[in-house]
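Colleague: The opening residue of the sequence shown carries number 126 in our numbering; numbering runs sequentially from there.
Check the hints yourself; a few may be wrong.
[As the list claims (entries may be wrong)] Distance ranges between label pairs, derived from CB positions:
| id | residue 1 | residue 2 | range |
| --- | --- | --- | --- |
| 1 | A301 | G404 | 20 to 26 Å |
| 2 | G404 | F466 | 14 to 20 Å |
| 3 | E215 | K398 | 38 to 44 Å |
| 4 | L199 | P478 | 48 to 54 Å |
| 5 | G404 | R460 | 15 to 21 Å |
| 6 | E187 | E452 | 38 to 44 Å |
| 7 | R453 | E187 | 44 to 50 Å |
| 8 | R266 | F466 | 49 to 55 Å |
| 9 | E187 | R266 | 25 to 31 Å |
| 10 | K398 | E187 | 43 to 49 Å |
| 11 | T200 | A175 | 39 to 45 Å |
| 12 | M296 | T468 | 51 to 57 Å |
[As the list claims (entries may be wrong)] In silico SDA-like links for lysine to any residue, alpha-carbon gap of 25 Å or less:
| id | residue 1 | residue 2 |
| --- | --- | --- |
| 13 | K449 | W222 |
| 14 | K258 | V240 |
| 15 | K449 | R434 |
| 16 | K449 | D314 |
| 17 | K258 | Q230 |
| 18 | K258 | D229 |
| 19 | K258 | R422 |
| 20 | K449 | R422 |
| 21 | K449 | V471 |
| 22 | K258 | S169 |
| 23 | K258 | E375 |
| 24 | K258 | R239 |
| 25 | K398 | N431 |
| 26 | K258 | H223 |
| 27 | K258 | I374 |
| 28 | K258 | A301 |
| 29 | K258 | N364 |
| 30 | K398 | D314 |
| 31 | K258 | N191 |
| 32 | K449 | G404 |
| 33 | K258 | G238 |
| 34 | K258 | L245 |
| 35 | K258 | I380 |
| 36 | K258 | Q372 |
Honestly, the hints are just simulated from the structure, not real lab data. For every residue, glycine included, the Cβ atom is placed at its ideal position computed from N, Cα and C.
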Amino acid sequence: MPRAVQTPTFVAQSVAIGLALAFIAVLIRPELIDGRRTSDDHTSYADAVAATTAAVVNIHTERVYNLPRNTRRLTVRDQGLGSGVVIDPEGYVVTNWHVVAGADQVVVQLADGRVARPALVGMDPESELALLKIDLPDLPRIRVGRSDTLEVGDVVLAIGNSLGLSQTVTMGIVSATGRGQLGLASFVDFIQTDAAINDGNSGGALVNTRGELVGINTAAVSRAGGAAPEGLGFAIPINLVRGVMQQLIEHGRVIRGWLGVDEAEDLPASRAKALGIDGPAVRITCVSGPGAAAGIRPDDVLTHINGERMFASVDAMNLVAGSKPGERVALRVVRPDGTPFETEAVLEERPLPSPNDLSARPGECPRR
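Take these sequences, add in the hints, and give me the full structure.
Modeller: What follows is the structure in structure tokens.
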């Protein structure tokens, strides 16, 4: 009988001692839980780097310009540098749109020194992505992770052709997620990081400490006429990259829905209240195409799409873009005089932006 009473106490003591030893082990060797290696009390991410750098490539571009000079033409060759990631053993290489846009020649150089002239699969300027394909045997592979599991404070590594120095690795943390409306791309909520992203890094890999690709490095924001502030870099989440890549492979372009509301602004709750609207909404400043055909006018305030409340212009744009052309959507707006108006529109395929879009004045519809 006494032994039967003492046994639970003995088990509890054993469990407590085991947990204490495990806790001490994790403090001494944190790599036991996250795969990191330590040496002389310093944390190392060498395993993550070794698992990913071979798949990060250098991209060399050349743009040729013919400039008139007296009676002869002067040929100017503009050399460019960027990075890319071999994301598939079939030879697909993801990079940034601005790295290859307008290039007359593109050369991909692997970490082992091999070079190839890629085929262009497709480009999507509105997500700042381009997809190339190279035909070489025994291509390196990279493990693709998930960007939706990233948390602020997670350690990340940026790998790329920084300033022409291939396979440069910098380290930082995830400073923020879901950064939109940066003027870098229309349909991207960026990962913000303080890992250094320099010229030539664009299109390179952002990886976690397990050596998984979680983003494509895109830009470091700079002040007008000045250098980029330190610790302010942005990467495209890999979850979005996979969706864009699939569409580029299947269609050569990304197919998005289009309502024709090409310009809108967020209407704060204080101003929306005067129209009888509870909470913020979306003021339409420019409308054409399907929206105009459905009776939507400039200065209408959009409150609902398919019954879903719209609080910000980016929400409305993403919902429409994520819908299929030909799909019918229900719209609810409030006229400038406070009169409610409901209608339906049939979405069309969103046209690609043209140079005319950039020349449109505020309040004027871009000429697509």
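Colleague: Hints first: check each against the structure and report whether it holds.
Modeller: Results for each hint:
1. Distance hint check for A301 and G404: the Cβ-Cβ separation is about 24 Å, which falls inside the suggested range of 20 to 26 Å.
2. For G404 and F466, the hinted distance range of 14 to 20 Å is satisfied, since their beta carbons lie about 19 Å from each other.
3. For E215 and K398, the hinted distance range of 38 to 44 Å is not satisfied, since their beta carbons lie about 55 Å from each other.
4. Between L199 and P478 the Cβ separation comes to about 31 Å, which falls outside the hinted range of 48 to 54 Å.
5. For G404 and R460, the Cβ-Cβ distance of about 18 Å falls inside the hinted range of 15 to 21 Å, so the restraint holds.
6. Under the hint 38 to 44 Å, the C-beta atoms of E187 and E452, about 42 Å apart, fit the expected range.
7. R453 and E187 have their C-beta atoms about 47 Å apart, which keeps the hinted 44 to 50 Å range intact.
8. Take R266 and F466: their Cβ atoms lie about 54 Å apart, and the range 49 to 55 Å holds.
9. A beta carbon spacing of about 29 Å between E187 and R266 agrees with the range 25 to 31 Å that was offered as a hint.
10. The given range of 43 to 49 Å is broken by K398 and E187, whose C-beta atoms sit roughly 56 Å from each other.
11. Distance hint check for T200 and A175: the Cβ-Cβ separation is about 43 Å, which falls inside the suggested range of 39 to 45 Å.
12. Hint check: M296 to T468, Cβ distance near 52 Å, so the stated range 51 to 57 Å holds.
13. A threshold of 25 Å between alpha carbons decides the hint, and for K449 with W222 the separation of about 23 Å falls inside it, so the pair holds.
14. For the hint pairing K258 with V240, the CA-to-CA distance comes to about 12 Å; that is within 25 Å, so the pair holds.
15. Between K449 and R434 the CA atoms are separated by roughly 20 Å; this keeps the pair inside 25 Å, and the hint holds.
16. In summary, the hint linking K449 to D314 is supported, as the alpha carbons are separated by about 21 Å, within the 25 Å threshold.
17. This hinted pair checks out: K258 and Q230 have alpha carbons roughly 14 Å apart, not beyond 25 Å.
18. Pair hint K258 plus D229 holds up; C-alpha atoms about 16 Å apart against a cutoff of 25 Å.
19. Between the alpha carbons of K258 and R422 the distance comes to roughly 44 Å, so the proposed pair goes past 25 Å and is violated.
20. With a C-alpha separation of about 23 Å, the suggested pairing of K449 with R422 holds against the 25 Å cut-off.
21. For the given pair, K449 sits about 10 Å from V471 by alpha-carbon distance, which is consistent with the 25 Å threshold.
22. Restraint check: the Cα-Cα separation between K258 and S169 comes to about 33 Å, which exceeds 25 Å; the hinted pair is violated.
23. With a CA separation close to 14 Å, the supplied pair K258 and E375 stays within the 25 Å bound.
24. Annotation: proposed proximity of K258 to R239 holds, straight-line Cα distance about 14 Å (limit 25 Å).
25. Straight-line distance between C-alpha atoms of K398 and N431 comes to about 22 Å, which keeps the hinted pair within the 25 Å bound.
26. Restraint check: the Cα-Cα separation between K258 and H223 comes to about 17 Å, which is no more than 25 Å; the hinted pair holds.
27. Taken as a hint, the K258 and I374 pair is honoured in the structure, with Cα atoms around 10 Å apart against an allowance of 25 Å.
28. Taking the CA atoms of K258 and A301, the gap is near 32 Å; set against the 25 Å cutoff, the hint is violated.
29. For the proposed pair K258 and N364, the alpha carbon gap of about 20 Å is at most 25 Å, so the pair holds.
30. With a C-alpha separation of about 29 Å, the suggested pair K398 and D314 falls outside the 25 Å cut-off, and the hint is violated.
31. The straight-line distance between the Cα atoms of K258 and N191 is roughly 29 Å, outside the 25 Å bound, and the hint therefore fails.
32. In summary, the hint linking K449 to G404 is not supported, as the alpha carbons are separated by about 29 Å, beyond the 25 Å threshold.
33. Under the criterion of a C-alpha separation no larger than 25 Å, the hint pairing K258 with G238 is consistent with the structure, at around 17 Å.
34. Taking the CA atoms of K258 and L245, the gap is about 7 Å. The hint holds against a cut of 25 Å.
35. This hinted pair checks out: K258 and I380 have alpha carbons roughly 20 Å apart, not beyond 25 Å.
36. Among the hinted pairs, K258 with Q372 is consistent with the structure: their alpha-carbon atoms are about 15 Å apart, no more than 25 Å.
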